[in-house]
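Undergrad: These protein sequences, in sequence, are chains R and U.
Note that UniProt numbering has the first sequence beginning at 1, numbered continuously upward.
Note that UniProt numbering has the second sequence beginning at 1, numbered continuously upward.
These aren't lab readings, by the way, just hints derived from the structure by calculation.
The structure displayed is predicted, hence computed values, not measured ones.
Glycine is no exception: its CB is placed at the ideal position from the N, C-alpha and C atoms.
Hints are supplied without guarantee of correctness; some may be wrong.
What the hints assert, rightly or not - Okay, the calculated bits of chain R under chain U, using three or more residues with CB under 8 angstroms as the criterion:
1. 120 to 127
2. 249 to 259
3. 283 to 291
4. 324 to 332
Unchecked claim - Take a look, some chain R residues computed to stay more than 10 angstroms from chain U by CB distance:
5. Val71
6. Arg152
7. Thr172
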Amino acid sequence: MIAIGLEGSANKLGVGVISHPPHGKPAQVLSNIRHTFVTPPGEGFLPKDTAKHHRTWVIKLVKQAMKQAGVTIKDIDCICYTKGPGMGAPLQSVAVAARMLSLLWQKDLVGVNHCVGHIEMGREITGAQNPVVLYVSGGNTQVIAYAEQRYRIFGEALDIAVGNCLDRFARTLEISNDPAPGYNIEQLAKKGKVLLDLPYAVKGMDCSFSGILASIDLLAAELKANPGQRDPVTGELITTADLCFSLQETVYAMLVEITERAMAHVGSNQVLIVGGVGCNERLQDMMGIMAKDRGGSVYATDERFAIDNGIMIAHAGLEAYKAGFRTPLEESTCTQRFRTDEVFVKWRD
Amino acid sequence: MEAVHPSSAAPETRVFSPIFKYPSAAAPLLITQGAEALLYRSTYLLPSIPCALKYRPSKPYRHPILDVRLTKHRILSEARVLVKCRREGVPVPAVYALDEAAGWLMIEWIEGEVVKIRLNEWLKSRKEGNVADGVDAGELLDLMTRVGSAVGRMHAIGVVHGDLTTSNLMLCPRSTEGVDGDAEAPKMLDGDIVLIDFGLASQSQADEDRAVDLYVLERAFGSTHPRAESLFGGVLKAYEKSFKGAGVVLKKLEEVRMRGRKRSMLG
């Protein structure tokens, strides 16, 4: 069976074609392409402009994905699109495109939860059986474990998402948003040495990032106004690289801690990291050390599958489709708020 | 929490201070590995006084400076909070000894089992559906009431737990007075609630912090015992009666829940 997936819940527009061979053989990625709306340094992406970007590119991307996959319309079984959560206007643009394809090609629609898409694709690619999932991106920070047909959220950010914290700090520093603000923070952090004191806000399996962002913004403003500050212990000059380093060390330690707590709570020793922030190598390293300590292992994917993409929507959608799920045209809406645990996961035991 | 197999465990290689070595104490026996700490069973002063030894090994994934800062802070704040709770009559284990630089805390040994295990056993022994219908809910509701008032008493004295889950609530068997030999078997959900694991606790009177405490418990409850989730209201009901400011906290809880709902806005 073959499905095409359309994703556009934030600033990435992705289209992917997936094939599920019979007899439970591993899924085959036929094509997976993405076009990102990149804003100038110091600016975030606004819903209106992002939606326009998606509208401009969606037809080209669908054509290209079909061509690359080497499939024709009659090979496609269903059209999957992101129902939510995400930014309203971009979601709508992509939903309209999906509806149009459904009418044009006479194929069933399947609305997919974005977070479930990430989880299912991560499981498929890494082969992790029943992991604790850390889902970290620009809009979401969740620690998830599967129980009784649902992906249950054990912990999450109580205010802004970790990726949002990193993105906004990148804006403060006015560093490039290309290919992603978090990527550029990671590169800067590699040059940092001095660990500055930041708040550490973990509450059980939940955590909070807004206070950390406020603190690091303050430190950045102080450094800008008064360069040439030195670390009182080592006497080293404090740089913006140290700020990025301190921010990463602190927020990732928090994420690893809440993940470990969830693992202890559910008695699992596998971790799967999904979402855009999951590409961060320092986070993957730290998680790997923690998992090894517990006699387990960490599973992560690279940017093709960790960053928002169409293939994960196609994959999760096709799983639901095979279990009999359809989204009738009149219900093919999208929603900004769509929690991971709202989805009934019929395709797993 | 999952118990490791103490019998099959490799010989303990950690270096403990002399106080934990035979003959001054029974050799520490690993009971569970939590997220942050290892819990051992040992004895304190006399071989007849069992104790729990909570050891926080350094976390190699963390930056060493951050690691030292967190370990020290957590051991000390846990001990302070336990002492305060004990003084004010909130059911918690007593503190026996500690060394924050070495990362250990020695506390009273609490008999019994955590609520998570007992509750899951109880739920397993019940038929599907009964719990939500309230047919069989009396015993469970009684447990919820005890949980609610224990949490309320803790909040009333200005302590927030920071990690309230059913793994951090113990059901401690009531001392059997032995009035009559053929008394009915103790019910599965009987016992006194004892709050444990104050590793993330802090002293706070803020309604926000108290509400987040309840929210964490509510969510842990919903995700660990989905079938009994509908009865969580029992906890809040008992909580409301437990101290004067509880009503305001419950209002705040609604706000915290709403905030939680909005959190999934972006993807």
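Undergrad: For every hint, state whether the structure bears it out.
TA: These are the hints, each one checked on the structure:
Here's how the region 120 to 127 of chain R fares: 0 of its residues keep a CB closer than 8 angstroms to some CB of chain U, so the rule of at least three is not met and the hint is violated. Evaluation of the coverage hint for the region 249 to 259 of chain R: fulfilled, as 5 residues show C-beta separations to chain U shorter than 8 angstroms, against a requirement of three. With 5 residues having a Cβ less than 8 angstroms from any Cβ of chain U, the region 283 to 291 of chain R passes the three-residue criterion, so the hint holds. Counting residues of the region 324 to 332 of chain R whose CB falls under 8 angstroms from any CB of chain U gives 0; the rule of at least 3 is not met.
Non-interface status of Val71 (chain R) relative to chain U is upheld: no Cβ of that chain comes within 10 angstroms, the nearest being about 27 angstroms off. Arg152 (chain R), annotated as away from the interface, has a beta carbon of chain U within 10 angstroms; the closest lies near 4 angstroms. Every C-beta of chain U lies more than 10 angstroms from that of Thr172 (chain R), the closest at about 19 angstroms, which supports listing it as non-interface.
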